[in-house]
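Guided by the hints, dock chains B, C and D onto chain A, whose structure is given.
Going down the list, the sequences are from chains A, B, C and D.
Using this note's numbering, the letters of the first sequence map in sequence onto residues 1 to 384.
Using this note's numbering, the letters of the second sequence map in sequence onto residues 385 to 457.
Using this note's numbering, the letters of the third sequence map in sequence onto residues 458 to 821.
Using this note's numbering, the letters of the fourth sequence map in sequence onto residues 822 to 1356.
For the record, the hints were derived by calculation from the structure and aren't laboratory data.
The reader is advised that the hints may include incorrect statements.
Unchecked claim - So the derived list for chain A, only partly shown, Cβ under 7 angstroms to chain C, looks like this:
| no. | residue |
| --- | --- |
| 1 | Pro127 |
| 2 | Gln132 |
| 3 | Ala150 |
| 4 | His187 |
| 5 | Ser188 |
| 6 | Ser190 |
| 7 | Arg343 |
Said to hold, decoys possible - Each computed SDA-like pair below joins lysine to any residue, with the alpha-carbon atoms no more than 25 angstroms apart:
| no. | chain 1 | residue 1 | chain 2 | residue 2 |
| --- | --- | --- | --- | --- |
| 8 | A | Lys347 | C | Thr641 |
| 9 | B | Lys446 | C | Thr641 |
| 10 | A | Lys240 | A | Pro251 |
| 11 | B | Lys446 | C | Phe717 |
| 12 | A | Lys240 | C | Ile716 |
| 13 | C | Lys464 | D | Trp1311 |
| 14 | C | Lys635 | A | Glu353 |
| 15 | C | Lys464 | D | Asp1229 |
| 16 | A | Lys355 | A | Lys205 |
Cβ coordinates follow ideal geometry from the N, Cα and C atoms, glycine included.
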Amino acid sequence: MARNTRIIQLIIILILITFFFSGCWNYRELDDLAIVTGVAFDQAENPDKILMTTQVVVPKNLGSEGGNGPTFINVKSTGFTVMEAVRNYNAKLDRRPFFPFTEIVVFSKEIAREGIAPYLDFFIRDPEPRSQAWIIISDSDAQDLLEEFANIEGIPTRALRQMIERQQGAMSNIASSDVVEFAQAFHSKSRQPVASIIEIKGEGKEKEVLLKETAIFNEDKLIGTLDRSEGRGYLWIINKVESGIIVVEEPGLSNDKISLELLLSQSKMIPRITGDKLEIKIEVSMESQIAEQMGDLDLSKHDVLQSLERRQAAVIHNEIMAAVKKAQDLRTDIFGFGQAFTRKYPKEMRSLEAKWDEHFPLIEVSTEIKSSIRRTAVQTRPLT
Amino acid sequence: MIIVGYIFALIGIILFEIPTLILNKSWWEMAVFLGLTGFAFLLGLLMILQVNIPNPVYLINKTVEYFFDLVPI
Amino acid sequence: MKLEGGKIPANQLVFLIIGFIYGTVVIINPGRAAGNDAWLAFIVSMLVGLCFAAIYVILAQRFQTKNLLEINDLVFGPYLGKLISLVYLWYFFHLGAIVLRNFGDFLAGIIFPETPISVFLITMVLICASAVRNGIEVIGRTSIILTIITTIILVLTSLLSIPLMDFNNLLPILQTTKLKEFLTTVLISATFPFGETVVFLMIFSTVNNPKKLKLTTLIAFLFGGGLLLIQAIRNIAVLGTLMDIYTYPSYTAVRAVNIFEVITRIEILVVINFLTMGFIKVTVLYYAVSLGTAQLLKLKSYLPVVLPIGILMICLSLLQFESSFENSYFTYTIYPFYALPFQIFLPLLTLLVAIIRGKKGVPG
Amino acid sequence: MFNYLAKKFNLVRLLRKQSTQNANGKKQSGLKISPHLKQNLETLKKTFKESNDFVIREFSFGSKEEPINVALVYIEGLVAKTSINDDIMKPLMYDSSFAGFINTYQPNDIIAFIDERLLSMADSIKVSNLEEVVEGCLDGHTILLVEGETQALSISNQGWERRSISEPQGEVVVRGPREGFTETLRINTSLLRRKIHNPDLVLEMLKVGQKTRTNVCIAYIAGIADDGVVQEVKNRIEDIKTDAILESGYIEQFIEDAPFSPFATIGNSEKPDVVAAKLLEGRVAILVDGSPVVLTVPFLFIEGFQSAEDYYSRPYYSSLVRILRYMGFLFSLYGPGFFVAVVAFHQELIPDALIITISSAMEGTPFPVALEAIGMGIVFEILREAGVRLPKAVGQSVSIVGALVLGDAVVSAGFVSSTMVIVVAFTAIASFVVTSHSDAESIIRFVMTLLGSALGLFGITIGTIGILIHLSALRSFGSPYLSPLAPISWLDLKDTFLRFPLWAMITRPKTIGWNNYQRESLDLIPKPPQKKKDK
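Next comes chain A alone, as it looks inside the complex (with noise of 0.2 angstroms):
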């Protein structure tokens, strides 16, 4: 019985202290808060400011009743710092911003290109961002990015998100990386970053955005680019390859075309190390089936089918050695090769990973490609 009267005095207790104490400090309402879905980096005029641009919707607009006025609204502030320029928006916006909604952080090509980790310790440091940002690079101005374009989401930072995830899943020729990833290739001594860079097309009613490339990166700077076939060659080394078309030419005299839709993709590296020389080996093994036939090829032959998948192989292949020799023309281990010696010859890579940038292009890359060709959806001939 006494024990019972205590449990309640305990609880009365602990309720009027809880109240007493949380002068509900960290209380914030919704309606306090200015969401954030996406911020972006420009140089400032003075050269030792940030100009920070930062995508804030306005929840009233959107809603099922909602008004008619903008459904976002950008707020530019300039800081030494991204926390101190974070604060400065105090002074501008009537609500505090609130980061854990973003979803992509822009960089402007010149940021890029002096360095972009001091910006992303707000990103990884404080708890309040998303981690899972993605990081693009925009081939203008960084605020360009976040005005409004043509899209369908309404809020140009949610389509650009929209716009590079859909990409991996449908093209998988431009590589991205969020702010972790990005991260942790940075940290890696024997691995670099790479991001996608977005270019405006047009002007006013006709701006339309673009996913153009990959940016890949020497530590935290942007030192070149890869083009949409170097991409896929990226991403095939990385096994990050999900989807996509691979054209290849119809075997025989003519130059028709035939499209192949990726259906499958496994890749392996698998790195040797035979006395000074290194040496890394790629196993592509994928499968397809034939999506569009522009010929009149009859594909159901079985010799036909073996050229195709020899054909298709090959393309893999040039991918793959074109975007290696552009990072290793580079010098940025952009796909982890450091990672995977590592891995396999920790202590002969304890001295080569001081001179990785050394090293690394000398690493002679070869592929082992096992392409297959499925099935040719519904039509087993063509329709000539």
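Relative to the frame of chain A, chains B, C and D by itself:
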């Protein structure tokens, strides 16, 4: 403000414990309770008033570091 | 009259020890220095911890129904025994304050940045006090449910973060870290959390059937160690090279979970784990200190000392570190050596003296 | 604490004085029946304070010369009049002459003679005390007093208006018996007897309430129920010194283990099959005259999640339903609290897909979300109370007005956000899933909402730990309240989250009926019939 709350909390604790102790006539327990509470209260009050109190952990740090120097690892 | 009349069955002790071991490790990562070998370090340190625990169990079984303070009295005589008991009590008390502080640092630093740390300490101590006042039986029963919930949450978060995992991150084994770093990690995680189970010498005496203690402790260590292992593997596999730059790797690791855009940011589950397990850890230590103090002062009941000790614990935990940097310096550098005497030397000494002097507990 | 306060207000001293006075003033028991009929009747009249439902019917029979004067006393409305006419008065006044009564008449033997030869009533006992006469009257017996005798016949022919056995409103089942307990104790015990045809079913009668003298029956199955628990129940009931027991709820509140806990530690049911099942698990049932609600002890936390129907339908679906019940319970505890905590402290937890929807709904509502949650909670409780108390037809319209009109108007007027209405409404529905703990649920829901709005999820977790501590400290007649979860009992988990098939529930609950733990044989699992090997 904090001090007022603090004193209220203290009074609460005393009111919470004392009746049972009186009913059971456990005087020694009461003495121990009051002594400990008094000490804790004083310590807390000093901390609220931001008086510097010697930190026992520094002592521990110093001692262990002394042994570090003694035994080079 | 015994201060604690309650008895707990051996299976409750299992949960209590698991909760205690998993305690603050949910958030604080003792295997920081070992990088991607942390999981291996955990296994080794669990074995070391088991050796520690063997001493405690042998001691407890030798003296059947006696708890630590009574053993000290019996083995070292009333005066020296009291002194040693006092030293132990200080250790438990201080450990409780450290755990509390870790708790407050995390909550006030990450989850509620604008709220003063004392709010969390006071609430936590209050809830622990209510558990302590209810006695060991209630603590045991509460620990069952909390530990089961925690295990479920841990497994769930690990399963949900499988898409983010790259098990290659676990490789290469024992190459990137040097032997010294590895051994340091083993030492750190043997003293924290495994060696801290020395506090159970205060609780072993309340177990129903002391014969089962060995098995119980073994199961608890294996299970608790298993939880740490799952967690360590998850964190390394998800975070990879970034593992060592984060203060709270578990928290960061599950942040990235995103299933169908609906199950996102489940790191709050980790926080809940931390709260419940931290509660068990603080409660056990708090209980040991309260009971010990009452025993030392020959009180009839330990209830009156519970709240004052709570206030003192809050004071100490606020006082001891100026900042979380000092906290982590202490935890990773000083603490292992500070804890070793309590965790291994004193119990070993007690056991040896007991054997030499032929002291034994009266069975029953 | 309450003792302390009572002392403060001098209540204790006052009460002591009162009770000594009572003891002095009361001393009239043990009055024997006197041979003078008139005197007895006078005393009885005085005892009943001339109440007009107390009926005395004096008549005489036998020979004209030596008529035997008798009197029937009873309380109008408690007895079956036709039975008095046909089975008591008629035999005495008519049949007595045929029975050769005059010849064998012996003084001092007349009561026995009437009892043995004349009365055609099944149940009659001889009483020799006026106290017993009064008691018998009050129980609905008809008492036959005879001039010159120091004994009286107490004839049991109760017959009062009673409600027929009907389906209990509170526990409706789709599959299972439709009968429910009624207000009459005897019928209730008979319902139990009809379920359990076993002499081991013990029904012990007690009278509780100094003024109401209510019959209370303790039922248990000897050999299964724990003797200690039975004794404890008896002791606690006998210790009740109060005026009135009007409903089993009175008994519940006087004997429960944790009077300050929001959780009930005594179970109740209106269905004989449920009570029979609990008796067979080793529990003790308490039946109270005048109440269709039967109490069962010990009551465990998980019993709130078990329903009779779980055992009547097949195990898969009942397991699913049971899990849903736990989910509903959790949701109704944490729904508003969690929502407030998330919206006011941990906005990052809201899924991407919902953040815009929720925040646009929250936009422009005048009150802080915590206040909204608490206010809507109160509105819901009011609506529920209004709906329950009113007659069915009106009650429905109240809930329609409440749910549809009020809910819709509140949102469109912009007082409360639509998300909050959804949360509160769903919470409300979820809270109907587990009815046993519904009062605790409402209280804890408010506490959780407060904690959630003060400290976010930290507050909720702390509150949960607090409730867990409280629950694990509770006991119900010796059984830990949270058993079989804590202390954990692996065997009993068969009937906790999942309901195992009946043939797998071999043992009785560990903390309750363990002194006779096997309830069925081991190999009851249905098997295909053995094939004959004749071909």
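Evaluated hints:
no.	hint	verdict
1	Pro127	holds (5 angstroms)
2	Gln132	holds (6 angstroms)
3	Ala150	violated (24 angstroms)
4	His187	holds (5 angstroms)
5	Ser188	holds (5 angstroms)
6	Ser190	violated (9 angstroms)
7	Arg343	holds (4 angstroms)
8	A:Lys347 <-> C:Thr641	holds (22 angstroms)
9	B:Lys446 <-> C:Thr641	holds (20 angstroms)
10	A:Lys240 <-> A:Pro251	violated (29 angstroms)
11	B:Lys446 <-> C:Phe717	violated (53 angstroms)
12	A:Lys240 <-> C:Ile716	holds (19 angstroms)
13	C:Lys464 <-> D:Trp1311	holds (19 angstroms)
14	C:Lys635 <-> A:Glu353	holds (16 angstroms)
15	C:Lys464 <-> D:Asp1229	violated (56 angstroms)
16	A:Lys355 <-> A:Lys205	violated (51 angstroms)
In summary, the numbered hints that this structure violates are 3, 6, 10, 11, 15, 16.
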